[in-house]
Amino acid sequence: MSAATGADGKGSPQAVAVGKRQHVTIDPITRLEGHGKIDIFLDEQGDVERAYLQIPELRGFEVFSLGRPAEEMPQITSRICGVCPTAHHMAGTKALDDLYKVEPTPTGRKIRELVYNAFTLEDHALHVYILGGPDFIVGPQAPAAQRNIVGVVEKVGVEVGKKVISMRRRVRELITYFGGKVIHPVLGLPGGVSKGLAKADLARFQELAKDSLEFALFTQQVFKDIVLKNPDYVNLITSDPYTHRTYYMGLVDAQNKVNFYDGLLRVVDPTGKEYAKFPAQKYRDYIAERTEPWSYIKFCYLKPVGWKGFEEGPESGVYAVAPLARLNASDGMATPRAQAAYEEFFATLGGKPVHHTLATHWARVIEMLQAAETMVALINDPEITSPDIRRLPTAKPSVGIGVVEAPRGTLFHHYETDDNGIITKANLIVATQNNAARIAMSVDKAAKGLIKKGQVSEGLLNMVEMAFRAYDPCFGCATHSLPGNLPLVARLFGPQGDLVREIRRD
Amino acid sequence: MRTLVLGLGNDLLSDDAVGLLAVRQLQREIPPGGGVEVVETGLAGLALLDHFIGFDRALILDSICTGRRAPGTVTEIAPADLHAIEAPSPHFAGLPELLALARRLELPFPTDIRILAIETADPYTLGGGLSPAVEAGLAGLVARAREILAEAAAPAAGAPCAPPAESGHA
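Going down the list, the protein sequences come from chains B and C.
Using the numbering used here, you'd call the opening residue of the first sequence number -1 and step up by one each time.
Using the numbering used here, you'd call the opening residue of the second sequence number 23 and step up by one each time.
Just chain B, with the same shape it has in the complex (with noise of 0.2 angstroms):
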C-alpha cells in the first residue's frame, strides 16, 4: 500500500497545513468505497492552490502471476479489465511471441490484425457516442438530465441509436468467432492463432467490413455536422483550461504511419518533432514511473527527459499517450480516408502538434476510419482464409515484451520466465499509467480556470471531469461492484487543510 493512512483513522482524506504548502494524505478505505474523486485545495485567496484525482488501481498483479505458466497469460490478463480485455489479450500473446522468439506466419498476423482493429473500431465507436456524445454531441452546457445516452439518441435520432447497438453486436460477433468469449478470449498463441477464417464465412465478414466503413464515414459526418459546425465547441475545444504542451507516444509503422498493432514506439516533443523511436522491449530504457504519496498510481513519464514535476515544456517529462497522441506521434494514417480526416484535422486545428486534450474525441473518429478500412482490406486479402495460421515455437523462453495500442493508449506486456515457460516476474504498464501525469495537469488546470475567490461554478464538476473524460480513464481496469456505478466526489480544501464544501455524485 503506497499511501499513507489519514490522521483520524477514518478514511477522510486529511489536509495538513505545512507552513503555506498543503499536504494531503489519503486513507486506503477510500479506495474502497469505489469513488472518483476529485480534492481540490484552496489558497489564502480562495483560489486553486492544487486539484487531484484519485484513481483506484488494481492490487497484486505481479504477485497473482508467479508461478504460472506464461501461455496462461493472455487469458488471465484479458480477464483482468471487462474493458478492453482483447487489448490484454492482444498485447499478452505478443509478448509470448517475443518470450518464445517467434515470429507469427503471415495469415496468423492478418487474422490478429483483423480482430484487433474491429476491437478498436468497436471501443471508439462506444466512446463517440456514448461517453463523449454527452458532451460533444449533446452539449456542455445541456443540462445534467439530458448529458446521457438517452441524450445523445434524442439529438442524433432513434435510427442512428439502433445501427450503433447492432454495428457493436455484429462486429463483437466478428471477435467471438475467432476468440471464442470476448471475455475469455482463446485466440492469440505463440507464434500464431488458435482458429482460421473458413472461406464459407468469408461474405458476411466482408459485408461486415463495408458496413463498418459506412459506419465510421457516418460518424465522421455526425461529429462534423453536430461538433465542428459548432463554433462554441470548437471554442472550447482550444481553450487553454483543456491545452498540454507535452511529449506525445504512440505505435508507428515503417512509414511512421499510425498503427495500433504493431510497429516501434515513436516519441515526438512538445514542438512535433521526433524525440526517440524504439522497440518495445527497449521501453526501460524510455519509459519510468514514480508514485506520489496522495496516489495509488503510478505516473510514467520519459526516463531521459527526467522528472520536473506535473509540468509541461520540452524540458519536464510528462507525456501523453491514445487517440491525439497516436497522430500527435505519427507522420499520418495508414489508409486514405482516415489520412484525410487527419491532414483536415491538422490543418482545422492549426497545425503538428495539437495540444488540445478535447481533440482527442476528433482523432478517435479518424481513428475508427482506419480501422475500418484496414478490416476491409484485410477480409478482402487472399491470404485471410490460409489455413496457415501457426508457427510453433522451439526456442527457450527467457524475456518476453509485447505492446499494442489500446483503445485508451499504449499498453505494454512484460514476462520473464524459468526455462520450462513458469512467470518469474510480470508488469503492465497499462494506458492510464502513461497518461497518469496529463490527466493530474488536466483536472488542476480545469479547476484553476473554473474556481476563482472561492466560487464554484454550477458546471464545476462537469467541466473538470471533462477535462479527464477525453483519455478515457479505466478506473482501477474494471471492478464490477454493482452495475457500473461510479459516484463521484469533488471535495475543497481551505488552506488550514479544513474541508470547505462536498459535492457529492452518488
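Take these hints with a grain of salt, some might be off.
[As the list claims (entries may be wrong)] Distance windows between CB atoms, simulated:
1) Gly57/C with Ser164/B: 21 to 31 angstroms
2) Thr383/B with Gly149/C: 56 to 66 angstroms
3) Gly149/C with Lys394/B: 22 to 32 angstroms
4) Val156/B with Met23/C: 19 to 29 angstroms
5) Gly151/C with Gln494/B: 35 to 45 angstroms
6) Ala172/C with Gly452/B: 50 to 60 angstroms
7) Leu129/C with Thr289/B: 43 to 53 angstroms
[To be verified] Away from chain C, derived, C-beta distances all over 10 angstroms, residues of chain B:
8) Pro83
9) Arg170
10) Gly178
11) Asp209
12) Leu215
[To be verified] Partial selection, computed: residues in chain C whose CB lies under 8 angstroms from chain B:
13) Leu71
14) His73
15) Ala122
16) Arg126
17) Leu127
18) Leu148
19) Gly149
20) Pro154
21) Glu157
22) Leu160
23) Val164
The hints are simulated quantities; they were obtained by calculation from the structure and are not laboratory data.
Every residue gets a Cβ at the ideal spot worked out from N, C-alpha and C, and that includes glycine.
Given the structure of chain B, go ahead and fit chain C onto it with the hints provided.
Frame of chain B, contents of chain C only:
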C-alpha cells in the same frame, strides 16, 4: 415468460467474484429448458445489453461497494433506486442507462428487473479469494435469489414488486 438470472463480477478479483459464485450455485439447482436461464459474465457497462435482450424478467446478482454497510450485507435494490451515471468512462454506463436506452430504442428488454447485491470488503485484489465476511454472506445471497425465483414461478402468491429490503449477514 423467460427469466434471466445474471451473475456479474470478475472471478480473479477477490470479493468481486461473489456474483459469479452465487449463480454457479443456482446453475446446479435450476434445470435447463425450464424458462429460467442462468448466466455469468465478466463484462460491464453497455456490453451487458446483449445479455438482457429477449428476456421478460431478470434477476441480477452482483457485489456492491458503498463503504456504508457491513461487508457481507445483502441488499435488494430497485432499478429506479440506481442513479443515472454521467460517467467518466463508457464501461461505467450503468443499468439505468441500459434500461433507458433499451426503452428508447424499443428493444425487447425485461420489464421486471430485480437486483441483489452484497457489500464487499475488498473487490480490488487479484487472486485474493472472498473475504470471510462476504464468504459468510454468500449463502444468504443465494437463499434470497431462490426466494425471488420461487415467487416469480408462483405468480398467484403475490405481486413481484417487493419493496427494497435489507437482510444483515455481517
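Verification of the hints:
Look at Gly57/C against Ser164/B: about 27 angstroms separates their beta carbons, and that is inside 21 to 31 angstroms. Roughly 40 angstroms separates the CB atoms of Thr383/B and Gly149/C, a value that falls outside the hinted 56 to 66 angstroms. Range check, Gly149/C to Lys394/B: Cβ separation about 28 angstroms, and the 22 to 32 angstroms hint holds. In this structure the supplied range 19 to 29 angstroms holds for Val156/B paired with Met23/C, their Cβ-Cβ distance being about 28 angstroms.
Checked against the given bound of 35 to 45 angstroms, the beta carbons of Gly151/C and Gln494/B, roughly 43 angstroms apart, stay inside it. Checked against the hint of 50 to 60 angstroms, the pair Ala172/C and Gly452/B passes, with Cβ atoms roughly 57 angstroms apart. Distance hint for Leu129/C and Thr289/B: a CB-CB separation of about 45 angstroms, consistent with the stated range 43 to 53 angstroms. With a closest Cβ-Cβ approach of about 8 angstroms to chain C, Pro83/B is found to fall inside the 10 angstroms limit, against its non-interface label.
Listed as a non-interface residue, Arg170/B fails to keep its Cβ farther than 10 angstroms from every Cβ of chain C; the least gap is roughly 8 angstroms. With a closest Cβ-Cβ approach of about 13 angstroms to chain C, Gly178/B is found to remain outside the 10 angstroms limit, as its non-interface label requires. A cut-off of 10 angstroms between C-beta atoms confirms that Asp209/B is not in contact with chain C; the least separation is 18 angstroms. Every CB of chain C lies more than 10 angstroms from the CB of Leu215/B, the least distance being 22 angstroms, so the non-interface label holds.
Against a cut-off of 8 angstroms between C-beta atoms, the interface hint on Leu71/C holds, since the closest Cβ of chain B lies about 7 angstroms away. A least Cβ separation of about 12 angstroms between His73/C and chain B goes past the 8 angstroms threshold, and the interface hint is therefore violated. Residue-level restraint check for Ala122/C holds (minimum Cβ-Cβ distance to chain B is 5 angstroms; threshold 8 angstroms). Using the Cβ-Cβ criterion of 8 angstroms, the hint placing Arg126/C at the interface with chain B is satisfied: the shortest such distance is roughly 5 angstroms.
With its C-beta approaching chain B no nearer than about 5 angstroms, Leu127/C sits inside the 8 angstroms limit, and its interface hint holds. Restraint check, Leu148/C versus chain B: the minimum CB separation of about 4 angstroms is within 8 angstroms; hint holds. Nearest Cβ of chain B to the Cβ of Gly149/C: about 4 angstroms, under the 8 angstroms cut. The hint holds. With a cut of 8 angstroms, the hint placing Pro154/C at the interface with chain B is violated, because the nearest CB-to-CB distance is about 16 angstroms.
Taking 8 angstroms as the C-beta contact cut-off toward chain B, the hint placing Glu157/C at the interface is violated, the least distance being around 16 angstroms. Below 8 angstroms, beta-carbon pairs count as interface contacts, and Leu160/C has none with chain B, the closest being about 15 angstroms; its hint is therefore violated. Hint status for Val164/C: violated, given a least beta-carbon distance of 18 angstroms to chain B, over 8 angstroms.
Taken one by one, the earlier hints fail for this structure at numbers 2, 8, 9, 14, 20, 21, 22, 23, listed in ascending order.
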